[in-house]
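In order, the protein sequence lines correspond to chains A and B.
Take 1 as the starting number for the first sequence in the working numbering and just add one per residue.
Take 1001 as the starting number for the second sequence in the working numbering and just add one per residue.
Hints should not be assumed to be uniformly reliable.
[As the list claims (entries may be wrong)] According to the in silico footprint, chain B covers these stretches of chain A (three or more CB under 8 Å from chain B):
no., region
1, 47-58
2, 103-111
[To be verified] Distance condition first, Cα-Cα at most 20 Å in a straight line; then the derived EDC-like pairs of lysine to aspartate or glutamate:
no., chain 1, residue 1, chain 2, residue 2
3, B, K1036, B, D1016
4, B, K1056, A, E75
5, A, K57, B, D1026
6, B, K1070, B, D1026
7, B, K1036, A, D100
8, A, K57, B, D1003
9, B, K1110, B, D1083
10, B, K1068, B, D1003
FYI, nobody ran anything at the bench for these hints, they're computed from the structure.
Beta carbons: idealized from backbone N, C-alpha and C, even for Gly.
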Amino acid sequence: KAGVTQTPRYLIKTRGQQVTLSCSPISGHRSVSWYQQTPGQGLQFLFEYFSETQRNKGNFPGRFSGRQFSNSRSEMNVSTLELGDSALYLCASSRADTTDTQYFGPGTRLTVL
Amino acid sequence: GEDVEQSLFLSVREGDSSVINCTYTDSSSTYLYWYKQEPGAGLQLLTYIFSNMDMKQDQRLTVLLNKKDKHLSLRIADTQTGDSAIYFCAESNNAGNMLTFGGGTRLMVKP
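Extracted from the complex, chain B is given alone in its bound form:
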């Protein structure tokens, strides 16, 4: 079955770049997503990438996809304290709108 894994925790200083990593196993994944969850809130879609792309940039966010290694990363440039949250990667395949999530990476940004 599908499996998505992330490291549990990342701590960075304000102004530095953050890189959150994710690995997945389903080779039929078509979309890969990054969501952000703040305490007590739902999931906010940050960005997504099609499986036929290698990179996508959206303002401070850069997503890199290595299909061969089934590795996805999210880079946040100039990380701010407001970026402190849990970040989830998720994948979906052609079976419809069913997302498989990683366990989430808690990002802590220190002033």
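Looking at chain A on its own, in the form it has when it is part of the complex:
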């Protein structure tokens, strides 16, 4: 069974631009969560989607948004990029509608110049 895939793997953007990252969950998984990893703040939860609805949201500004499609694929968008948004963005998928084991993708490395 294929794992969680994320595209693109690497991105370079400039301040003020916007970016969209994509995540395809493991087949049959309906929950997709997004995390930001930085050297300073570590791994922080962004949001979780289940059945096309945002179920949980972390403490990030409104510039960070996401959505989930009917096939469970998810995208996250960051508008008006700032230097501090440079990070590894990780997507995780799980099967169930309650707490369940999460499997992570390889991440998208975003660099903001």
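For chain A, the structure is supplied; the task is to place chain B on it using the hints.
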């Protein structure tokens, strides 16, 4: 709020056992996880334990959970150089699939 803490660094010799420790504060934690991250890679799920268990063994990995002290440990038997990585513990509760991670422990295995 929830807080998960780990020591920053651990160095062991190849063939020895490694023990990585983690403490958490959320008493409503239902699942506790250990993930491994190698340079430039995502997170690999190693093992997990339900909060109503005390111990779980999976090949070279042994997880111990002390609920009273909110302490979790991961023991790696016969540690190999390929085990060198950053290890994260994480907890989740009944609020859905939201993981709270520790800061990670960098394990260095010397030949």
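Check: Holds or violated: are the alpha carbons of K1068 of chain B and D1003 of chain B at most 20 Å from each other?
Finding: holds (16 Å)
Check: For the region 47-58 of chain A, does the count of residues with a C-beta closer than 8 Å to a C-beta of chain B reach 3?
Finding: holds (count 5)
Next item on the list: Given the hint that K57 of chain A pairs with D1026 of chain B, test it: the Cα-Cα distance must not exceed 20 Å.
Entry: holds (18 Å)
Checklist line | Given pair status - D1083 of chain B, K1110 of chain B, alpha carbons within 20 Å | finding: holds (10 Å)
Notebook entry, point to check: Are three or more residues of the region 103-111 of chain A within 8 Å, CB to CB, of chain B?
Noted result: holds (count 5)
Next item on the list: Verify the proposed pairing of K1056 of chain B with E75 of chain A, using a straight-line Cα cut of 20 Å.
Entry: violated (35 Å)
Check: Does the structure keep K57 of chain A and D1003 of chain B at a Cα separation of 20 Å or less?
Finding: holds (17 Å)
Check: Are K1036 of chain B and D1016 of chain B close enough, with their CA atoms no more than 20 Å apart?
Finding: holds (19 Å)
Checklist line | Restraint status (C-alpha distance of K1036 of chain B to D100 of chain A at most 20 Å) | finding: At roughly 18 Å apart (the allowed maximum being 20 Å), D100 of chain A and K1036 of chain B satisfy the hint.
Notebook entry, point to check: Are K1070 of chain B and D1026 of chain B close enough, with their CA atoms no more than 20 Å apart?
Noted result: Since the Cα atoms of K1070 of chain B and D1026 of chain B sit roughly 8 Å apart, the hinted pair holds (cutoff 20 Å).
In the structure shown, a violation is registered for the earlier hint numbered 4 alone.
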